[in-house]
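Undergrad: Put chains D, E and B on the given structure of chain W with help from the hints.
Number of protein chains: 4
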Amino acid sequence: MKIGLIGFGKAGKAVANVILGSKDFSLEWVLKNKPESGFLTAKEALNIEADDESVIYSRSEIDIDRFFEMHPVDLIVDFSDAESILQYGSSAARHGVKIISAISHYQDDQITFLKELAKTTTVFWSPNITLGVNYLLFAASLLKNIAPGVDIELIEEHFKAKSGVSGTAVRIAETLDLESESINSVRAGGIVGKHEVIFGFPYQTVRLVHESISREAFGSGALFVAENIKDKKEGFYNFEDILKPYFFDQASSLS
Amino acid sequence: MKIGLIGFGKAGKAVANVILGSKDFSLEWVLKNKPESGFLTAKEALNIEADDESVIYSRSEIDIDRFFEMHPVDLIVDFSDAESILQYGSSAARHGVKIISAISHYQDDQITFLKELAKTTTVFWSPNITLGVNYLLFAASLLKNIAPGVDIELIEEHFKAKSGVSGTAVRIAETLDLESESINSVRAGGIVGKHEVIFGFPYQTVRLVHESISREAFGSGALFVAENIKDKKEGFYNFEDILKPYFFDQASSLS
Amino acid sequence: MKIGLIGFGKAGKAVANVILGSKDFSLEWVLKNKPESGFLTAKEALNIEADDESVIYSRSEIDIDRFFEMHPVDLIVDFSDAESILQYGSSAARHGVKIISAISHYQDDQITFLKELAKTTTVFWSPNITLGVNYLLFAASLLKNIAPGVDIELIEEHFKAKSGVSGTAVRIAETLDLESESINSVRAGGIVGKHEVIFGFPYQTVRLVHESISREAFGSGALFVAENIKDKKEGFYNFEDILKPYFFDQASSLS
Amino acid sequence: MKIGLIGFGKAGKAVANVILGSKDFSLEWVLKNKPESGFLTAKEALNIEADDESVIYSRSEIDIDRFFEMHPVDLIVDFSDAESILQYGSSAARHGVKIISAISHYQDDQITFLKELAKTTTVFWSPNITLGVNYLLFAASLLKNIAPGVDIELIEEHFKAKSGVSGTAVRIAETLDLESESINSVRAGGIVGKHEVIFGFPYQTVRLVHESISREAFGSGALFVAENIKDKKEGFYNFEDILKPYFFDQASSLS
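Protein chains in written order, with this note's numbering: chain W, -16 to 238; chain D, -16 to 238; chain E, -16 to 238; chain B, -16 to 238.
Just chain W, same shape as in the assembly (with noise of 0.2 Å):
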């Protein structure tokens, strides 16, 4: 499966990363906004010994239409800004490219143009694609749904400098309807990202828990979203429509 990866910041490097260490993907292209000083291709960026092409493009000189026809792709992953879907987005769906979009805040217009693209090709859309964010938010609304009345508290680790709280503790609040009082947040050293969420019972206590080891979880996050929607049809899909089947799966096979 050929994928183009647009975006090459830390999160786009640390998927590169994943993505050449993979054997079932190869990375045919980066497309990034300036030139990459000195390197021509992120395996050399990166210092990693692959066979993917990886080239490194600019996405000022290049002509889109055009790009896609000389460098064609299965897959884009995106993890640059909210504004470059308008760039490549037309021509991505007109060559059959499926979209896997990591970019965390699209405005109400780009989220229209992700839809209107999706009758054409596959559109998946995820602010945080690691699986084991989601599979915390997954899990935590299920046991919410079957004990509602139960005390939900949610922890938050992350290094010191990281001001406001986290995205993902934003998320997990809304998802499970926690007031703000009941978000804690720990600012402290170098954690790299821990999420707890605590179901206290009144006998018993159930914790979900996720840290971040680094943020090559992303690259893992985007190769299991690709492995699961190679064959999906056009249509707008997030991270829950991705786990939905393995959940009917394991309702049925408990029977």
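Incorrect hints may have been included.
As the list claims (entries may be wrong) - Below are the DSBU-like pairs computed for lysine-lysine, each with C-alpha atoms no more than 30 Å apart in a straight line: (1) K102(D) / K15(D); (2) K127(W) / K143(E); (3) K143(E) / K177(E); (4) K(-4)(D) / K127(W); (5) K127(B) / K(-4)(E); (6) K127(D) / K227(W); (7) K215(D) / K127(W); (8) K127(B) / K227(E); (9) K227(D) / K213(D); (10) K127(B) / K102(B); (11) K227(B) / K177(B); (12) K177(D) / K(-7)(E); (13) K17(B) / K6(B); (14) K227(W) / K227(D); (15) K143(D) / K(-4)(E).
Just so you know, the hints here were simulated from the structure itself, not pulled from any lab data. Predicted model only: the values in this text are computed from it and were never measured.
TA: Same frame as chain W, now just chains D, E and B:
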């Protein structure tokens, strides 16, 4: 909903405690092996103020069929021993009384008998009747289903004197297909009971943790089951059957 | 070592429980405010088999001076209220009885009185008499001493109904000089009590965690103190005074 | 304070990273086995902006005595291999350069040599040079000293591929006199490194937890040691010698 409780050992007393404290359920009577010295009712024995009758009877002194006529209940909760189903089962079924059994181990012929009763009335059996542990099993096997290759390890912690691997840990290991090397048993001081399933991904870790606070969790679990089987027809049910509908609700609510 | 216990509320009963179960200490009597209805001894009231006399007396019905003559003890353990020291203090000091007080708060004049008593007998006071919490305070302030610039956060978890920040958390925060923003209070279900001090370094994290299982920890703490002050002369002691010698032993044994 | 670094493997690079980022220390040079291909300085190799010279030299190409004259430093930090002390040790001692060695294992004769050098200069050796792990050892053995009968168990978690019990776990077990049954090794995914010492008391549990975030912790540890030995006379020191003064400060500040 009128409940009759079979068994008044440590677990049985904790269960009585929870039923007596509940508004929606009434503890009509307790059936125990030996007569309780000095106390006529469970509420006296446990020093709880409640309207429930909760009269304590001795199994050896009653005619079970006549007993069900004189002291009708909707539901039996059984925390006694594997044999007692043979005493009360047929009478209960004949009188349309639902049965919730929390017996740890049944012989094969006893299970056959349970299934026979299930042709006439609603029979539920779970060797560990806490909501938390059953949810953990469910949620853990879901994640394994999603990520079959993930590394899974189990840590179970209990008080120093507990010998052998905990029954719950064995059940988790069976459900997740873990080797015995992946079960880590910690025995220290007075730890009531903790089970932690660790899912190790390359760039992130997910932990599902259950901590027991007290035996009353069995009571909450029994009442949760009671609430969920009250409208169920005759048949043989386990905890997964109870959780599954929440699961499907959940899955549909996310679409 | 003969012990007299003042106070027979929830904490007092838990302490009696531990003393009755100990070989090295004997519970001679319990002094409580209201007469215990129905029970003459603590061992009856708690349903424990023990050789200890453990007779329950009512404070209002005795002449305290005569009481100490008739029922001599080596040590008083006080889990009652701040006022009771005024009743028994002078008599105890006169009879050479050591005093261990676990009263949460004393008025200034009561502390002055304690120090006055300490000129004649051994007086120990700690508002939280568990070994674990006092060790935590000690070990945490040591690490802060070693690494003054480290980020410190505190998470304290208790049952839903507990209002306000826990007294132990306040004490930890004072000892470590934490701002109130660094105290995270989780209230959920029936959590007995957990305190976690997080030391965040740039490239590593250290966590000191104390989990309460039951109030009996107060009893163990009282006996630990009793063991450690039995050879101490008159004077006013706190928990640090008890721990410090182990500290120096430790430091020397490592050299 | 001018530092020379011996060794430029994974750990050595992480240490260089920390020294280059520090204001109080200057990385004068790095001595490595093989010449670094393409990079003349550590700051180039690690892509860090810094004023430090940090020139990379190859061990095979220099005359060590002349090298110390031409490139004077106050301190050597050694993250290379057990043999290299034989090359640079005598010269360093002759030039009054202090030595901090973080080599995991030395042969007996190498340790004898270190002690010989310690007659002339300040020599520090610790097989695990992180502050967190050494604090953990210290704090854990203190608690064991206070409560000799407490149940102690150890859980160590590392990435799947790590074989055998971790060296740190072995050291903790030796220090606390634990049987091998009490060491629980979890291997899952990409866990960087976690050590948890559990102290189980009858009614409470104390946990001391160390979590590694990255190898840079070795660098922080080395600089912590450098800061603490800079005024020390000749002699052979270990991490306990460094921590002990804080300990005594601590104990006195509490009196």
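Undergrad: Return the numbers of the hints above that this structure violates; sort them in rising order.
TA: 10
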